[in-house]
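Enquirer: Chains as they are written, first to last, in the numbering used here: chain A, 1 to 172; chain B, 1 to 398.
Hints in this document: simulated from the structure, not taken from any laboratory. Nothing here was measured: the structure is a model prediction, and the numbers come from that model. Every residue, glycine too, gets a C-beta built ideally from N, C-alpha and C. It is possible that part of the hints are untrue.
[To be verified] In the SDA-like style, the derived pairs of lysine to any residue whose C-alpha atoms are separated by at most 25 Å in a straight line are: (1) B:Lys248 to A:Phe32; (2) B:Lys246 to A:Phe130; (3) B:Lys44 to A:Pro140; (4) B:Lys44 to A:Leu116; (5) B:Lys255 to A:Lys105; (6) B:Lys264 to B:Gly224; (7) B:Lys248 to A:Tyr97; (8) B:Lys44 to B:His54.
[As the list claims (entries may be wrong)] If you want a taste of the chain B side facing chain A, the calculated C-beta under 7 Å gives, among others: (9) Glu71; (10) Ile108; (11) Gln110; (12) Val112; (13) Gln115; (14) Gly118; (15) Ser120.
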Amino acid sequence: MATLTYTSREQIEVHRFSALATIGIPLLAIFFQAYVSSRVSFLKLFDLPLLVTIFFAVSRRNQLAGMLTGCSIGLVQDALTHLPIGIYGISKTIAGYAASSIGVKVDVDNPGSRFLMMFCFTLLHDGIYFIVSRHLLGIPADWRMLHELGSALANAIVAVPLFALMDRAKQR
Amino acid sequence: MLLFLLMAQVIVLATQVRRPETATGESMSLVRVWIVHIFVPGEKAISSIGSGMHNLWQNYVDLRGVRQQNEDLQAQLDRLRLEQVSLIDDAGQARRLQALLGFKTKFISQTVAAQVIGTSGTDRSRVLYINKGSEDGIGVDMAVITPKGVVGKVTRVSNHSAQVLQINDATAGAGVMLERSRLRGVLRGSSSGIPEIMHVMADEKIEPGEPVITSGGDQIYPRGLPIGTVLSTGPDPDGGPFLEVKVKPSANLDKVEELLVITKILDKGQPQQQAPPGLRAADILAQRLPTITPKPPDKTGGEPPTTSVLFAKKPVSPGTEVPSTPTTPKKKQPAANLGSEPATTPTSGPVAQSGETAAEAKQNASPAANGTDTAASEPKKPKPASATDPTQPQENPH
Chain A
1 MATLTYTSRE
11 QIEVHRFSAL
21 ATIGIPLLAI
31 FFQAYVSSRV
41 SFLKLFDLPL
51 LVTIFFAVSR
61 RNQLAGMLTG
71 CSIGLVQDAL
81 THLPIGIYGI
91 SKTIAGYAAS
101 SIGVKVDVDN
111 PGSRFLMMFC
121 FTLLHDGIYF
131 IVSRHLLGIP
141 ADWRMLHELG
151 SALANAIVAV
161 PLFALMDRAK
171 QR
Chain B
1 MLLFLLMAQV
11 IVLATQVRRP
21 ETATGESMSL
31 VRVWIVHIFV
41 PGEKAISSIG
51 SGMHNLWQNY
61 VDLRGVRQQN
71 EDLQAQLDRL
81 RLEQVSLIDD
91 AGQARRLQAL
101 LGFKTKFISQ
111 TVAAQVIGTS
121 GTDRSRVLYI
131 NKGSEDGIGV
141 DMAVITPKGV
151 VGKVTRVSNH
161 SAQVLQINDA
171 TAGAGVMLER
181 SRLRGVLRGS
191 SSGIPEIMHV
201 MADEKIEPGE
211 PVITSGGDQI
221 YPRGLPIGTV
231 LSTGPDPDGG
241 PFLEVKVKPS
251 ANLDKVEELL
261 VITKILDKGQ
271 PQQQAPPGLR
281 AADILAQRLP
291 TITPKPPDKT
301 GGEPPTTSVL
311 FAKKPVSPGT
321 EVPSTPTTPK
331 KKQPAANLGS
341 EPATTPTSGP
351 VAQSGETAAE
361 AKQNASPAAN
371 GTDTAASEPK
381 KPKPASATDP
391 TQPQENPH
């Protein structure tokens, strides 16, 4: 009888990434977000670093890896703002943890589930960001429901082709 | 887990360690320094490549119709020159009036042009990164503007880049004034990116479209810079006694590419002058009494002194008696003539108000002393006694 291991389950594939992809893709996403949105302002509606966090978290299906990925990307993103370092860090750490936890149980390669997952995780991420910034740090911030829903929808739409593109960086 | 703990400790350490900036004395956390140093060179490189290609296109390829445009612009320039003449006259008049009223104004004396190379990438933190830093003279809390209006202020500076907080960020603020109603207030950004003027009482009448300018009260933005226009007014959503006044920024804050950082502001106002010892306010007042018409020439051949001699600007020693002579009713001067009237007519100067000190009185009497008005800055010389009919109006000696 073949030994069943965590990685041998047919339904759940654990993917690995090269060091270049692990470091390069998040940095590219943050760079793109910071540079291009200075030219095309509506790109601020998207959160490419969050997309990358969710992608790596659900692909690796490891909660610790998901946390660390989210933490690192969030802290770098924080450093580019004028706000205290750690708001995005906390939000993305939790989002990474949740995404990797979901990834163990749900088929995350299906475009429909990717769309739904990204929509929900964007709302979760933005909700945590709002709570931390408004209630923990007292930074003036408003919860704009329509804006948040629009942002979640935009991220979900972009996630489907972008995840398919990043699938090419997977190593099995 | 070990890696996580180590990373967490490094981050905690890094956020505590601060590296002092050389030029400004401000500090910047080490994490921010690392991240900025990672991202800024790439952004600068791409930005310069992009601008190089843009310049290549603009300077060599896209030059069709330039001759016609040049002719049109030349015609426009001629027209503007004509307008400029009248504007210079108006500006001179305004300066003279300001000097008379003792206004102290601030002028932008030095700016540094910079290019936007990046943003925070999110609308939760409306910041820009520019390609000039402390080595270019940029410092924290310097105002950043475009020709259309205020953009924001510098919040962090590294050697070759700086972070600019836009005025529409939720944590930003500025002292503002409504241009027509002269109502002052505090402008604050919001999460939506539409700044609002805070604490305006509900009974104030504010019309949409009214220009909003900086008031200068925040000591960051010089007075009079355009901020934007009133977008809308409405009742306080929190039910308070205030109006919700939304402002549309003049500068297109979503598409700023080039901007100016105000690195030096010059205080230009009336210098405090010391009254000469022994000079009393009453003496100065005596010098500024209404014009005294000189007596007609004496038949015996003796010429009366002219008014300029009588009221020459020299300290009157205490106890000197001013001859009691009939006075001429003062003609009301139009404002345009305030600065160009004869210097020898002391009645043109403002009469010292009650409670005015001797120094202030002298200062007001001599608006040219502050150097703001070049036309009136020449020393006022007493007109020499002449053989002409003294009853005739005196000519401007300038």
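Enquirer: Look at each hint and say if it fits the structure.
Expert: Hints and how they fare:
no., hint, in the structure
1, B:Lys248 to A:Phe32, "28 Å, violated"
2, B:Lys246 to A:Phe130, "23 Å, holds"
3, B:Lys44 to A:Pro140, "32 Å, violated"
4, B:Lys44 to A:Leu116, "37 Å, violated"
5, B:Lys255 to A:Lys105, "44 Å, violated"
6, B:Lys264 to B:Gly224, "16 Å, holds"
7, B:Lys248 to A:Tyr97, "41 Å, violated"
8, B:Lys44 to B:His54, "15 Å, holds"
9, Glu71, "34 Å, violated"
10, Ile108, "24 Å, violated"
11, Gln110, "25 Å, violated"
12, Val112, "19 Å, violated"
13, Gln115, "10 Å, violated"
14, Gly118, "5 Å, holds"
15, Ser120, "4 Å, holds"
Violated hints, in rising order: 1, 3, 4, 5, 7, 9, 10, 11, 12, 13; the structure is consistent with all others.
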